[in-house]
Structures are given as C-alpha cells and as structure tokens.
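A.B. asks: Starting from the given sequences, assemble the full structure and let the hints guide the process.
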Amino acid sequence: MEFKEVVRARRSCRSFESAKIPEEAVAEILGAGNWAPSPLNQQPWEFLLITDPLKKAEVRKVAESARHKVIASGGPGWVSKYALDFIEEAPLLIAVLFDPSLGGLGGFFGQNQGAIAAASACVQNVLLAAADMGLGTLWFTFFNPEEMRACLGAPAHLEVAGVIPVGRAKGTIKAPPRKETKVYREAYGRTV
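Note that numbering that gives the first Met the number 0 numbers the sequence shown so that position 180 is 179, with each residue one more than the last.
Hint data in this document are derived by calculation from the structure and do not stem from the laboratory.
One or more hints might be untrue.
Said to hold, decoys possible - Below, a list of computed lysine-lysine pairs in the DSSO-like style, where the Cα atoms sit at most 30 angstroms apart:
#1 19 to 169
#2 60 to 181
#3 60 to 173
#4 68 to 54
#5 19 to 54
#6 19 to 55
#7 55 to 169
#8 55 to 68
#9 169 to 60
C.D. replies: Set out below in structure tokens:
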C-alpha cells in the first residue's frame, strides 16, 4: 500500500481471528517500531510479546479491574459498552515498554516527555506496519499502569506505553468520522 493508504486504512480493531501471526511478520512489525524517532536517538522502548493464553487472561484481568473501577465511580458511560474479549482473542499482544529517563536532557525542562513522545512514535510505527500487512491492531491503554507493569513482570523503571493486540480482523471495520483539522499560524488561536 502507499503510505497515505496505510494511514487511512489503520483502524482500532476489537475482534480478531485466531490465526497465528508468522514470526517474519512480527519481526517486520517490531523493526518498524524500532525505526521511530527519539531524543538523542536513545530509543527508550522495549517490546514484550505475549501469546500464552494464561498471560493474555492476566492482562485482561488488569484491564477488567480498571474498567470496573471506572464504571463503579460513575465514569464515562461509553466504558461499559466495550467488552475486553479482544485481549484474549488476538493471537498476539505486543506490550511497548519505555524508560522515561531516556528523554533527551534527562529531567531538565520536562524532557522525560521526550521518552513518552518517542514511545508513542514507536507505537504508531507498529500500528502502521501491521496495517500495511492487512492486520488489525488497537493501541490499548485503558489500565492501571502500575498493575499492568506488575502483570508484565517489567522492572519498576519502565512504563507501559500500551498493549497492542495484533491479528486478522473479523469483518470490516468502518472508518470513524474525523474531526476538522485545527490549524493556527504563528500563535495559538490565529487561524490560517
């Protein structure tokens, strides 16, 4: 696909076929993630691959815990309409972890935000590479970060940028409407 087509074809997928993802495809997807930009080329991300059904069930349990807490506290109503079956349904979960201290200038000027931005760029590359192969994905972040880090067995200095289910989508996913692009020139609020 052409780049513009890949960007527009990528969808958030919540229903997957069970077919295993070939290792060559996984390597290509992770390779694309690894080419993301990062401050001072520090590449703060690491990947954790999950295919074991028991581990996927643990990941889902952490997500269910967050979901129940939000619903119980009167959080947004849309939360209750999304089931979390896709976590166990997807043949592969890719957890993207990152070290927030690798954000450029360390703690100066809030530069740990650079690591967050780099991890986000890494996730986007993963999503686009999978879409280019005709695979469905979802950038899943609806969980308690500390609980998910513990579930994944990640060391305390790492944060979880997201858990990405990957697989062939069941059915067709319709494109959601896009909001109007907001553009300003020279200063915020000055329209083009």
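A.B. asks: Please go over all the hints and tell whether each is borne out by the structure.
C.D. replies: These are the hints, each one checked on the structure:
For a cut-off of 30 angstroms, the pair hint linking residue 19 to residue 169 stands: about 14 angstroms separates their Cα positions. Pair hint residue 60 plus residue 181 does not hold up; C-alpha atoms about 38 angstroms apart against a cutoff of 30 angstroms. This hinted pair checks out: residue 60 and residue 173 have alpha carbons roughly 28 angstroms apart, not beyond 30 angstroms. For the suggested pair residue 68 and residue 54, the alpha carbons sit about 22 angstroms apart, so the restraint of at most 30 angstroms is met.
A hinted pair counts as satisfied when its Cα atoms are at most 30 angstroms apart, and residue 19 with residue 54 qualifies at roughly 16 angstroms. This hinted pair checks out: residue 19 and residue 55 have alpha carbons roughly 14 angstroms apart, not beyond 30 angstroms. For a cut-off of 30 angstroms, the pair hint linking residue 55 to residue 169 stands: about 19 angstroms separates their Cα positions. Under the criterion of a C-alpha separation no larger than 30 angstroms, the hint pairing residue 55 with residue 68 is consistent with the structure, at around 20 angstroms.
Distance restraint check for residue 169 and residue 60: the Cα-Cα separation of roughly 23 angstroms lies within the 30 angstroms cut-off, and the hinted pair is therefore satisfied.
Checked against the numbered hints above, the structure breaks only hint 2 and satisfies the rest.
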